[in-house]
Amino acid sequence: MTGDGRGFTLNGKPASLRAPDNAVLVDVLREDHGLHGCRIGCDQAVCGACTVLVDGTPMAACSTFAFEVEGRSVLTIEGVANASDGAPDPIQRAFLEERGFQCGYCTAGMILTTRALLERDPDPTEATIRAWLGAGVCRCTGYSAIISAVHTAARLLRQGSV
Amino acid sequence: MDGLNDKVGGGTRYAFDAALPGMRHAKLLRSPHPHARILGIDASHALALPGVVCVVTGEDAARLPDPHHGFSVRDQPLIAIGKVRYVGDPVAAVVAMDERTALAALELIAVDYEVLEPVPTLDAALAPGAPVLFDEPHPGAPLGVGAGSWSRNEPAPNVLYEYGYARGEIDTDLAGAAHVFTDSFAISRISHYYLEPYSGVARIEDGRIELWTCNQDPFMIRADISRMFGLPVNDICLHSPMIGGGFGGKSYCKLEPLIVLMAMKARAPVRLALTLDESLLTLTKHAGVLTLTTGVDAEGRLIARRSELKLDGGAYADASAMVALKAAYRVTGPYRWKSVFSRASIIRTTTIPAGSYRGFGGTQASYASECQIDMIARRIGLDPYEMRRRNLLDVGEPFAPGDSGMDSDLRRGLDEVCRRLGYHERSQHPGHRNGRGMGLAIGIKDGGGTGNHAQATVTVSHTGAVTVSAATTEIGQGAGSTLCRIATRTLGLPLANARYAPIDTDRTPLNNGTHVSCGTTVTGTAVQRAAEDARAQILEFAAEQLQCPAADLTLEESGQGWAVRRGADLHPLAPLIMSWFGGVGYVFIGRGGIKVPYDERSPVRARNLFWMPSWAGAEVEIDRETGRLRVLQLIVGGDAGHAIDMASCVGQIAGAALQAYGLSLFEELRYRDGAQPENADPRAYRVPMASDLPDRFDCFVEEHGMGPGPFGAKGLGESGMLAVTAALANAIEDATGARVTTTPFTGERILAALDGLDTVVPMDQRSAAE
Ligand code: FES
Ligand code: FES
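Heads up: the protein sequence lines correspond to chains A and B, in order.
The C-terminal position of the first sequence is numbered 220 in my numbering, with every residue numbered one higher than the one before it.
The C-terminal position of the second sequence is numbered 771 in my numbering, with every residue numbered one higher than the one before it.
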């Protein structure tokens, strides 16, 4: 938290929010903060490509006003890997291991959704995974490899892998 | 993180992300009418808006040496000239300092239209006296064909193209067959729905054009821009960054010439990034009606088939001609015939242009063919499995006289599907034929392109660092990693040594585009040859240094970097190279290429490089009250010949299969009253989500070892789509005795089939029937 004026926490660091009131979060992240990993697909809260975690909850950045995140903590895909050495976190490792992506356009959203899911349910059933991933579209993979990645990520996290 | 890792870290850059200093932003004004003449465009108010740089219209386009593009029929202006032909046809383009201003300026452009009668359907387009989309024929040579085939551009009003193929005495054979059946199948219009919206950035500097685009065919676009603007190809450079999905929707010329024209007029770099809504208005898969008349003998052996395919090409040619040719040629499936007559026509309608979609007409052809094979089997009392077994081509047997032999074991793949599905045990299930059933299908398409060619280089530094350079774009299929595997395997070096060079047409060796699952086989062969060339140079150099025959040496990676082995002795290469060359070292530059020869004796003017079979099996359960379809199992397999990267092969099958699954169950881009798109936006257009998956979704890849590519590989990126729809329709009939013949297989359609009401709904009544 910046404490002075309008601010929010972005990938663990205090950040200021200079955007006008009608600015959309995805534009602020991409244009003001250079975080292009937050993708724009449908631009209308359907595809999930722009998913970020706001206080741990997945939200469509394309359909969230920037002012809505004031004082809150936003995590984008760029903040997922280890901050000091860039090493992928267990969920990213699982996506790499299971090839949970093809073109990669949906991947940030899928990984962040998985993170939120596994925080709530460390050992999700297949049905739970399908329901959670159903919040986004992947047009490339047929989802099989993404679902395997979620299972693998859950296993890695349960094993206390860091 | 390396290139692959970037996708999980958010670092990958797509054309959508491309940005240049001083870049301006463009937005397009699109036609609200399906068919209208443009009487005038008043952009003065838009130009007066602060921040607007310029407006580009058909008037600017008309001044170019050749403002049209299109594959084989060049009928599409880079922006509407004089007329609009579908809702969404771009009419004016605004360039402004930012997107918001450009959007605001669109509202200020006044277009004066004279509204014309729309031509929304196949029937409307072919009706006597129908309004015509074009008054004049267009330049462009019909696709070349060989023995038994014909190919005609614009043979009749509102008919863009016709391809036909005939062999044998079709009338005699049909007359002499024990049974003859005629069936029609309708397939809906679907959207590619790739996630990265269509985007590009152009800059003109020192008279040279540079373009960053999400298009997968950089050299094709370079040739189009060269012709349209009258510039030599070496004044045009295309960059192809990672592409955020395409499935055919980002192939062939699209908005690139318009972006260039805008950058010229704006005298500044210009970015045009469509929304996904607009991307849906750019291209679709062909809807159509396919009518097959098939004769069989008393034992269920296929004798003769006459096929008439009418495909809805929409307003402009795009790659429609290729789709027609491929659909008609493949509609006989992977079977043996005495005689064949196949004809496909592309009909022009005032709808979104249709073009390439993962398999060029393969899905449409396999769907109709495999449904009918199943129907015939059931009608004559044969198990559909047995009917297929009896008629499948053997390994080595030519698909058609003059064409190449089957290079997959078709029965083996079918048996694998049956095994995974539990097909032969299905009758033991109490629900079988009582709302629960199984269906099979085998799709087939040719792969690798017709007379295709490609070039590649493989450079190896003195430290053994390998750079592979080829123009197969990265669209999610893992092209770079597969080509690097081919190069390093050939060189005997670890994969970690190799990088796939970014693609730009100034430096990258040419290929025809990323199409027809040719990346592994055609470009892969060029890469393999380039790697062999580099290896030969390296070994020759080492042999000279070591004063021995090159044949005594092999390359390998050792504890001290890369080395040549001569018997028991290992000689590290880096010191050897450095002591000879000095300075900053040296690179060995290997070159490779491949050209599949044309052959007039083959029906499509080249023997097909490899065959892509697709085996599918489905188990479904139908709720007889609601018609609701539940897919219990979907099994889909392909043959990679030899899988260079198994995980990516399976991923390609799964991704393609799920697109066909969407098309089968609910995907459809509909038109309201035949004129206005009803659901051409990402919210209303439904694609499969993880929550829609079949209960069991199992994809497999066989390795039959007969591919022509490196190590026996062949492509399979498109094949997973081919057989799914027919397998589902066949399972529905197995479950209920009722046949659906129109996609998607909605509850309403299944109920209608159960009531015995199902007939092919003519295209022009479809929207009314929804
Ligand atoms: S871009 Fe935000 S949900 Fe699709
Ligand atoms: S990997 Fe392309 S959309 Fe998911």
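No wet-lab data here; the hints were simulated from the structure.
Misleading hints may appear alongside valid ones.
[Unchecked claim] Calculated Cβ distances over 10 Å to all of chain A for the following chain B residues:
id : residue
1  : Gly10
2  : Arg14
3  : Gly130
4  : Thr294
5  : Glu309
6  : Gly479
7  : Leu694
[Said to hold, decoys possible] Label-pair ranges, simulated between beta-carbon atoms:
id : chain 1 : residue 1 : chain 2 : residue 2 : range
8  : A       : Gly218    : B       : Gly706    : 55 to 61 Å
9  : A       : Phe123    : B       : Glu206    : 54 to 60 Å
10 : B       : Glu137    : A       : Glu126    : 52 to 58 Å
11 : B       : Ala497    : A       : Gly218    : 49 to 55 Å
12 : B       : Met647    : A       : Thr183    : 42 to 48 Å
13 : A       : Asp79     : B       : Arg684    : 21 to 27 Å
14 : B       : Ala569    : A       : Asp179    : 27 to 33 Å
15 : B       : Arg631    : A       : Ala81     : 57 to 63 Å
[As the list claims (entries may be wrong)] Covered stretches of chain A (in silico footprint by chain B; criterion: 3 or more residues with CB under 8 Å from a CB of chain B, positions within the stretch not fixed):
id : stretch
16 : 71-82
17 : 107-120
18 : 131-142
19 : 161-174
Glycine included, every Cβ here is placed at the ideal spot set by N, Cα and C.
For each hint, the structure was consulted:
| no. | hint | in the structure |
| --- | --- | --- |
| 1 | Gly10 | violated (6 Å) |
| 2 | Arg14 | violated (7 Å) |
| 3 | Gly130 | holds (41 Å) |
| 4 | Thr294 | holds (35 Å) |
| 5 | Glu309 | holds (32 Å) |
| 6 | Gly479 | violated (7 Å) |
| 7 | Leu694 | violated (6 Å) |
| 8 | Gly218(A) <-> Gly706(B): 55 to 61 Å | violated (44 Å) |
| 9 | Phe123(A) <-> Glu206(B): 54 to 60 Å | violated (39 Å) |
| 10 | Glu137(B) <-> Glu126(A): 52 to 58 Å | holds (55 Å) |
| 11 | Ala497(B) <-> Gly218(A): 49 to 55 Å | violated (29 Å) |
| 12 | Met647(B) <-> Thr183(A): 42 to 48 Å | violated (27 Å) |
| 13 | Asp79(A) <-> Arg684(B): 21 to 27 Å | holds (25 Å) |
| 14 | Ala569(B) <-> Asp179(A): 27 to 33 Å | violated (58 Å) |
| 15 | Arg631(B) <-> Ala81(A): 57 to 63 Å | violated (44 Å) |
| 16 | 71-82 | violated (count 0) |
| 17 | 107-120 | violated (count 1) |
| 18 | 131-142 | holds (count 5) |
| 19 | 161-174 | holds (count 7) |
Against the hints set out earlier in the document, violations occur for numbers 1, 2, 6, 7, 8, 9, 11, 12, 14, 15, 16 and 17.
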